[in-house]
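Number of protein chains: 2
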Amino acid sequence: MSRHIIFYANSYDPFAQRAFIVLNEKKQSVERRDLQDLPERHKLFNLSGTQLPVLVVDDIPIQLMMLICEYLDETMGPTTLHPKDPMQRAIHNYHCEIGTWMLVTMAQLHRSADKDQLNSKAETIRTMLGVLENKLDGSPYFSGDTFSFVDIWFGTIAPYFDVYEQHTDLDFLGRRPRLRTYFANLTARESVAKAIPLDAKEHMLQAMKDRNSEFSRILGAR
Amino acid sequence: MSRHIIFYANSYDPFAQRAFIVLNEKKQSVERRDLQDLPERHKLFNLSGTQLPVLVVDDIPIQLMMLICEYLDETMGPTTLHPKDPMQRAIHNYHCEIGTWMLVTMAQLHRSADKDQLNSKAETIRTMLGVLENKLDGSPYFSGDTFSFVDIWFGTIAPYFDVYEQHTDLDFLGRRPRLRTYFANLTARESVAKAIPLDAKEHMLQAMKDRNSEFSRILGAR
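Top to bottom, those sequences are chains A and B. Just so we're aligned, residue 1 is where the first sequence starts under the working numbering, counting upward by one. Just so we're aligned, residue 1001 is where the second sequence starts under the working numbering, counting upward by one.
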């Protein structure tokens, strides 16, 4: 039974890149179109008011990245990216959620109007990095040698920290060697590397500079 | 293998009530304690900064209501509250998310500082009610005769609309007869009725009045 699947998404979007990684892991591909070409009838409500990536399967739209990624994981070969044990899955899902909260907070960091906001957002990001690092045991991935959704969620986040390291003094990973190694493992994985455009970091840096925010100013100062 | 489960939650919390309904559906109970008694070691990070309900299973904490409810559904007898088909589950999950967004927006409505904010939040709620109603086909529940997570999510929301109807002119359900019947079906279900304290509506009304917001003022005016 062949399904017609189209993924409407932008390739620089770290949320959308999660699905590209899932597809790479599954060695599958689907038709890809720009998010701006999403037909009106497939536009689904969300609270942010901006258009989120949408997977359309036989003319039925799915929105929200966890739902899209779970759907792909479960329908393209055996489910491999999420633990089967209910408690382990709850723990994995919670840490995926931290990845989502981190991306949201990073966007607020980039937009921060003054030093106080910048420091407050940076502090929240540090707290979340601490939560993640506490769960890492020195294995290559979040769950030993098994690559899973949590690794995908942080795989699309890791390149931002390269940009922070190179262009700011925020020193997020300074005293976090396990996290630094973990992020390097993620971006080195083929499925992740292939999902992130080659010029992604230049693109991030330009977007951060264009914000005209306190964060843009600290980038320029270095 | 017997597990020791404690649910730290407040009984008036519409988010926490979802888990009470799941337990009622499963004809199971767990030890219940006040959220303020949650031990320090079980406090998990979340972006809101407020303490969310936590389920502690053999000393391991789970946070976020969907994760708690999925865990209970999957470990207390056969999984019955979530569809097995991946596409159906994505659709159900998306509509649960609308229920969560609605509760968040309702809290903003209650806190609104002026008429513009109040109208804008009311409008967002109307949009979400429209999305939900479009999926209802006149069956008792979201998915025909099968009671599921979506019904649980909206089951703890429905009583608020009774309060809105009785104490405001917002008329959320005025031209939505299917939704009105659906909400009545939900609150009539035994598992839902038992999960919501008898004086919940008085409690809601008092909390709304205490906000000292534009919404408090329109309550007083009627």
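Mixed in with the good hints there might be a few duds.
Said to hold, decoys possible - Okay, the calculated bits of chain B under chain A, using three or more residues with CB under 8 Å as the criterion: (1) 1031-1044; (2) 1056-1063; (3) 1082-1095; (4) 1124-1131.
Just so you know, these hints were derived from the structure itself, not from any lab. The beta carbon of each residue, even a glycine, is placed where N, CA and C say it ideally should be.
Exercise for the section: Give me the numbers of the hints this structure contradicts, sorted from smallest to largest. Expected result: Violated: hint 1 alone.
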